[in-house]
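Fit chain B to the supplied structure of chain A, relying on the hints for placement.
Sequence order for the protein chains is A and B.
For the first sequence, the numbering used here assigns the number 1 to the initial residue and increments by one for each residue that follows.
For the second sequence, the numbering used here assigns the number 1001 to the initial residue and increments by one for each residue that follows.
No lab work stands behind these hints: they were computed from the structure.
The structure displayed is predicted, hence computed values, not measured ones.
Positions of the beta carbon are idealized from the N, C-alpha and C atoms, including for glycine.
A few of these clues could be false.
[Claimed, not checked] Short derived list, chain A residues pointing at chain B, Cβ under 7 Å:
#	residue
1	M14
2	V22
3	V45
4	E48
Single-letter residue listing:
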Amino acid sequence: MMVVLYTAQDGRQMVITPAPGVTPEQAASAVPAGLSWQVVDSADVPPEPAPDAVSAAGRLSVSGDAF
Amino acid sequence: VTKGVAGLGPLATLEPTGTADATTFLRGDGAWIDPFPFGRVRARVNFNGTGVIAIREAANVASITDVGAGVYGINFAAPMASADYTVAVSVSGARMAVAVTNYATGSVQIEVRDQTGTLTDQTTVSVTVFQ
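Next up, chain B with everything else stripped away, as it sits in the complex:
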């Protein structure tokens, strides 16, 4: 591989190490590397979970489902490779308990409860899925 700057010609010739494929990038020292060795964000969404729930911002999320008070489904646009993914959830309410109650390749379901165990809608719910 020849490194160079447009208009200046080649600066150096590299003999890359590692494996070049659709997921690797060529580092400056000539090594093909996976830029995300610990996985990637596969989906994310920030939504208003009160009333008729509404998405503020999302990536790889086709829709959200209001399953009931404090229970939300996030439906992915492109499915996960497997159901063994990692989910991070945050909500706007203080001292709330959050649970992920169903992992599926096409969706994930979460529940939010207050200190009495009552399912509670939240003004802001943020969900990020890593895999």
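Bound-form chain A, shown alone:
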């Protein structure tokens, strides 16, 4: 399966999978304007990084003197 690979402005790599009957070139219309893209075989798509957990990211640590 051929897919569209592009890098978003924040550096994340995005993959666009065309629907049946849609060419990768047509699917590339979903790439935000100004970003370059390439058509690659799905077997060549690198695995996406593990997500950050909200529960960990949202944890607060507070320190100071009580009075």
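Okay, now just chain B, sitting in the frame of chain A:
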């Protein structure tokens, strides 16, 4: 309007009520009606959201975008009339939280999180858009 059966000739003549246009149908009692008074399905897709995401079945969907773990974009083939549409999402995982994080006329974005709030890919994601 004359109702009839092919080969048998006319059976009755109706005086239709209501308004005939490209969206109405003529009911048996002679009324022009909107067959979908509560809106229609404007797009739908069922896809595998793990690995390189892949569409199983779709209508009015040109492509899907793997934005990151548990985050998917659905790109419509024909845009919605406005961004104020209704979205129904279901996923294969149990006890998952689903959020629609961006409504646009050309696409919709959804997120799936597990009980710890971690964005999580799903084996089956189904999205239906009504308007």
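**Study point:** V45 (chain A) as an interface hint toward chain B, with CB separation required under 7 Å
**Key:** holds, 5 Å
Exercise for review: Answer holds if the nearest beta-carbon of chain B is closer than 7 Å to that of M14 (chain A); otherwise answer violated.
Suggested key: Holds, because the Cβ-Cβ distance from M14 (chain A) to chain B comes to roughly 6 Å (cut-off 7 Å).
Review point. Was the hint right that E48 (chain A) lines chain B, CB cutoff 7 Å?
Key: This hint holds: E48 (chain A) lies near chain B, its Cβ roughly 6 Å from the closest one there, short of 7 Å.
Review point. If you take the shortest Cβ to Cβ gap from V22 (chain A) to chain B, is it below 7 Å?
Key: holds, 5 Å
Every hint from the earlier list agrees with this structure, and none is contradicted.
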